[in-house]
Amino acid sequence: MERTLAIALMFGAALQPMVAAAAPPGLDAFIQHSVQQKMTTNHIARGGSVLVTVKDGVVTLEGRVAVMADKRRATVVAKQTTGVKAVLNRLSIEPMPH
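The sequence shown: position 30 = 170 (the numbering used here), numbered continuously.
Simulated from the structure, these hints should not be mistaken for lab results.
It cannot be assumed that every hint is accurate.
To be verified - Cross-link-like lysine-lysine pairs, in silico, DSS-like; alpha carbons within 27 angstroms at most:
id	residue 1	residue 2
1	Lys219	Lys178
2	Lys211	Lys225
3	Lys178	Lys195
4	Lys211	Lys178
5	Lys219	Lys195
6	Lys195	Lys211
7	Lys195	Lys225
8	Lys225	Lys178
Said to hold, decoys possible - Distance windows between CB atoms, simulated:
id	residue 1	residue 2	range
9	Pro237	Pro165	22 to 28 angstroms
10	Ala209	Ala169	15 to 21 angstroms
11	Arg186	Gln220	27 to 33 angstroms
12	Pro164	Glu234	18 to 24 angstroms
13	Thr222	Glu202	38 to 44 angstroms
14	Pro237	Ala169	16 to 22 angstroms
Keep in mind the model is a prediction, meaning the values are calculated, not measured.
C-beta: ideal position from N, C-alpha, C; glycine also.
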C-alpha cells in the first residue's frame, strides 16, 4: 500500500507542471486586450501596425514598427503585462515615409 501511494505521488508530481502550463479559460483574451491597450497607450505602433496574439500566456507580436526603439519597447510592455509567460517579438522595422 505504501509503495503504491509513493508511486502515485511521484506520478502526480511529474504531471503537475504540465497541468499548470495551460492558461485558465479567458486569460489569453484578457492578456491580448491588456497588451493591445498598452501598445496604444505607449504609442508603440506609431504609423505601423502591431498584431497581438496569445496562446497559453505566450504573447506573439507581429507586424511593423517604424524604429528599433518601438520594437524593444513592445517586448518590455508585453512582458510587464499580468499573466504573460513569454514574448515572441516578430515585429519588423520599416521606417515610415515622411
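Hint numbers not upheld by this structure, sorted from lowest to highest = Numbers 9, 10, 11, 12, 13, 14 - these are the hints that the structure violates, sorted from lowest upward.
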